[in-house]
Amino acid sequence: MPDHIDLARLREVLDGPWAEVRDAHRNHLDARFLPVYGETGDQARERITRLLSDLPVELGVASAFPTEYGGRSDAGGSIVASEMLAQVDLSLMVKAGVQWGLFGGAVTALGTRRHHDAYLRDIISGRIFGCFAMTETGHGSDVQQLRTTCRYDPQTQTFDLHTPHEAARKDYIGNAARDGRMAVVFAQLITNGRRHGVHAWLVPIRDAQGNPLPGVTIGDAGPKAGLLGVDNGRLSFDHVTVPRDMLLDRYGQVAEDGSYSSPIENDSRRFFTMLGTLVRGRVSVGGAASAATKSALTIAVRYGDIRRQFGTPGADREVLINDYLAHQRKLLPALATTYALHFAQTELVTSLGEVQGGDGPVDEHRQRQLESRAAGLKAAQTWHATRTIQMCREACGGAGYLAENRLPGLKADTDVFTTFEGDNTVLLQLVAKGLLTGHRDAFGSLDGWGRASFVADQVREMVLERTAARSLIERLISAVPGRDDEVAVTDRGWQLKAFEDRERHLLDGAVRRLRNGAATKKDRPFDIFNDVQDHVLAVATAHIDRVTLESFVAGIEETADPAVRALLSRVGDLYALSVIEANKGWFLEHGRLTPARSKAITGVVNGLLKELRPHMRTLVDGFAIPDTWLNCAILKEEPGRQDLMTAHDAADDRQVVPA
1 MPDHIDLARL REVLDGPWAE VRDAHRNHLD ARFLPVYGET GDQARERITR LLSDLPVELG
61 VASAFPTEYG GRSDAGGSIV ASEMLAQVDL SLMVKAGVQW GLFGGAVTAL GTRRHHDAYL
121 RDIISGRIFG CFAMTETGHG SDVQQLRTTC RYDPQTQTFD LHTPHEAARK DYIGNAARDG
181 RMAVVFAQLI TNGRRHGVHA WLVPIRDAQG NPLPGVTIGD AGPKAGLLGV DNGRLSFDHV
241 TVPRDMLLDR YGQVAEDGSY SSPIENDSRR FFTMLGTLVR GRVSVGGAAS AATKSALTIA
301 VRYGDIRRQF GTPGADREVL INDYLAHQRK LLPALATTYA LHFAQTELVT SLGEVQGGDG
361 PVDEHRQRQL ESRAAGLKAA QTWHATRTIQ MCREACGGAG YLAENRLPGL KADTDVFTTF
421 EGDNTVLLQL VAKGLLTGHR DAFGSLDGWG RASFVADQVR EMVLERTAAR SLIERLISAV
481 PGRDDEVAVT DRGWQLKAFE DRERHLLDGA VRRLRNGAAT KKDRPFDIFN DVQDHVLAVA
541 TAHIDRVTLE SFVAGIEETA DPAVRALLSR VGDLYALSVI EANKGWFLEH GRLTPARSKA
601 ITGVVNGLLK ELRPHMRTLV DGFAIPDTWL NCAILKEEPG RQDLMTAHDA ADDRQVVPA
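To convert, note that position 622 of the sequence shown is 622 in UniProt numbering; the numbers rise steadily by one, no gaps.
No wet-lab data here; the hints were simulated from the structure.
Every residue, glycine too, gets a C-beta built ideally from N, C-alpha and C.
Heads up, a few of these hints could be off.
[Unchecked claim] Cut-off 16 Å, straight-line C-alpha distance, at most; resulting in silico cross-link-like pairs (EDC-like, lysine to aspartate or glutamate):
no.	residue 1	residue 2
1	K636	D415
2	K330	D485
3	K224	D207
4	K610	E404
5	K599	E486
6	K224	E404
7	K224	D42
8	K497	D485
9	K497	D531
10	K610	D3
11	K599	D627
12	K599	E589
13	K521	D531
14	K584	D501
15	K599	E474
16	K330	E394
17	K224	D415
[Said to hold, decoys possible] Derived Cβ-Cβ restraints for the label pairs, each shown as a range:
no.	residue 1	residue 2	range
18	L588	A31	49 to 57 Å
19	T628	V57	16 to 24 Å
20	S53	E404	24 to 32 Å
Kindly produce the complete structure, drawing on both the sequences and the hints.
Given below as structure tokens:
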């Protein structure tokens with residue numbers, strides 16, 4: 001691997017297709033957009049609301065909106081903009097996501113021309129602040145079972161929106177407690193005595209002075225662990241009258257006489273088609289989690305290159321903590337995983353633009369695949385963020401516990417990411433269901449898991465869903481010799497084959513267990529699935545590991561600069577072998593590794609850590625996070641501090657770290 005890496009070339013690779021969006025944020029967002037440590041919740045909310053109004057539309061935050069209303073029809077650009085905001089202030093990112101991603105995105109995706117003409121320009125400009133009122137106190141993940149009702153009255157040609165009990169209250173709703181003037185409210189549509197499932201309405205909730213409108217009760221969700229600048233609140237409706245034309249009726253229409261019609265007859269399929277159009281929010285959350293992880297790793301790696309602790313015999317200076325194998329074991333595998341997830345996210349965002357960016361009919365199979373990939377990657381990215389930011393906090397010792405060093409804020413603000421836009425455990429079950437049914441069922445629902453007929457009729461032969469680099473992956477795997485123990489563990493084809501084999505074996509095993517359950521537990525349909533739930537979650541995890549590796553391999557293949565490509569290849573080795581090492585138990589139990597080969601993998605991983613040690617700073621600098629954005633006191637030269645290096649020492653060490 002070359003000693004010198006051209007940092008500009010590495011940044012080009014990581015910035016990807018939306019480099020202009022990334023650079024626009026780096027150039028525009030200065031210190032006034034940064035978190036303020038120690039502010040109260042009210043101060044944070046006021047500041048974030050003001051900053052949201054200061055965000056220029058040209059940065060790309062609202063670029064997913066149609067061009068004719070002031071957007072760019074660029075969903076990918078809006079997701080990348082969210083990632084950049086996440087590196088500045090996660091409250092600002094979430095507030096922007098609620099306004100332009102969830103609220104505005106729902107009006108765009110579920111509404112029709114009359115809604116767009118009436119509201120989109122004001123939503124984009126921030127003249128109308130809005131909420132996305134889906135989650136209820138009693139129902140979060142199972143959206144199909146929401147209890148809020150919206151009943152049509154043909155005589156008045158209006159809907160009656162009602163919260164029947166406290167568990168049906170809309171809860172945790174961003175923008176509700178302070179700023180929201182309107183809400184997209186999800187409720188059960190009832191007309192002519194029949195329910196037609198969950199639909200969405202555009203509902204005013206406050207008057208021009210900010211007072212709740214008649215029948216609308218607004219409360220504050222109260223103190224939270226993080227995201228202080230986001231005004232999460234609660235909404236209840238006491239027989240609120242909603243005009244008929246405020247139904248967002250792209251997928252379901254109610255005529256004046258109350259008759260219902262839809263281009264999609266099946267209620268369940270219609271509901272999941274509606275939710276599928278809103279997948280951008282889930283993709284944005286995953287990308288934002290990865291962006292915060294990059295900030296944490298940058299702080300920890302850079303601190304490890306200036307912090308010294310303990311001496312060695314005959315040495316005049318203490319040892320840099322990044323030179324300890326134990327420290328490398330913490331930071332470098334997490335950094336490799338972050339790189340792998342970065343390429344998986346780029347491929348996902350590109351796919352989203354291709355699937356949802358055109359004017360023609362959506363390819364239903366690709367849409368289902370997109371939803372599955374978004375669900376799985378969101379779970380992987382947010383769990384990785386939670387683990388890695390905590391690890392970075394510990395890697396910075398006591399300094400990492402101080403608010404002035406950013407890590408506590410990153411930890412608190414990202415913690416909820418594992419829960420919102422879909423609970424991670426539920427999302428992995430949905431990924432597994434998509435694999436077991438080949439996407440033939442309505443993706444997004446757990447209904448049917450417990451029916452014996454589901455197992456008998458739907459669980460068929462598993463077909464691997466390849467990533468975009470199908471031909472490359474197949475070529476690398478086919479080149480692997482027959483005897484695994486004769487192949488180097490750094491052989492890319494062997495790594496890909498190991499990931500694929502793990503997924504295939506786990507999925508085949510889950511199919512067998514479900515079929516056995518269907519034969520022996522016909523009178524206990526819930527138990528059929530519940531008894532293999534752990535196995536199903538393992539299937540989904542293995543699937544996401546595989547598609548992440550394949551995306552990383554494709555990104556390496558497309559890298560033109562030889563030195564950067566060589567560096568990324570070694571990072572790819574570390575990612576693949578770290579996953580295998582973490583799952584040694586499975587590989588040993590199922591005869592995929594001999595004990596000797598298992599031990600060899602640990603030795604190879606340690607060798608990769610030593611090889612990549614000189615490039616740690618380069619790898620985090622490749623994220624191109626401006627120093628100002630890091631907002632971290634321990635990265636500023638402070639010659640008077642005894643627990644840090646002297647300014648002279650710091651300068652010496654920077655000379656030996658590749659640019």
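Evaluated hints:
1. K636 <-> D415: violated (27 Å)
2. K330 <-> D485: The hint is violated at about 28 Å.
3. K224 <-> D207: violated (27 Å)
4. K610 <-> E404: violated (31 Å)
5. K599 <-> E486: Since the Cα atoms of K599 and E486 sit roughly 15 Å apart, the hinted pair holds (cutoff 16 Å).
6. K224 <-> E404: violated (20 Å)
7. K224 <-> D42: holds (12 Å)
8. K497 <-> D485: holds (13 Å)
9. K497 <-> D531: With a Cα-Cα distance of about 29 Å, the restraint between K497 and D531 is violated, given a limit of 16 Å.
10. K610 <-> D3: Holds - the C-alpha atoms of D3 and K610 are around 13 Å apart, at most 16 Å.
11. K599 <-> D627: violated (40 Å)
12. K599 <-> E589: Holds, because 15 Å separates the two Cα atoms, which is no more than 16 Å.
13. K521 <-> D531: At roughly 11 Å apart (the allowed maximum being 16 Å), D531 and K521 satisfy the hint.
14. K584 <-> D501: holds (14 Å)
15. K599 <-> E474: violated (28 Å)
16. K330 <-> E394: holds (10 Å)
17. K224 <-> D415: Given that 16 Å is the threshold and the Cα spacing comes to 11 Å, the pair holds.
18. L588 <-> A31: 49 to 57 Å: For A31 against L588, whose Cβ atoms are near 52 Å apart, the range 49 to 57 Å holds.
19. T628 <-> V57: 16 to 24 Å: holds (23 Å)
20. S53 <-> E404: 24 to 32 Å: Because 27 Å falls inside the window, the suggested range holds.
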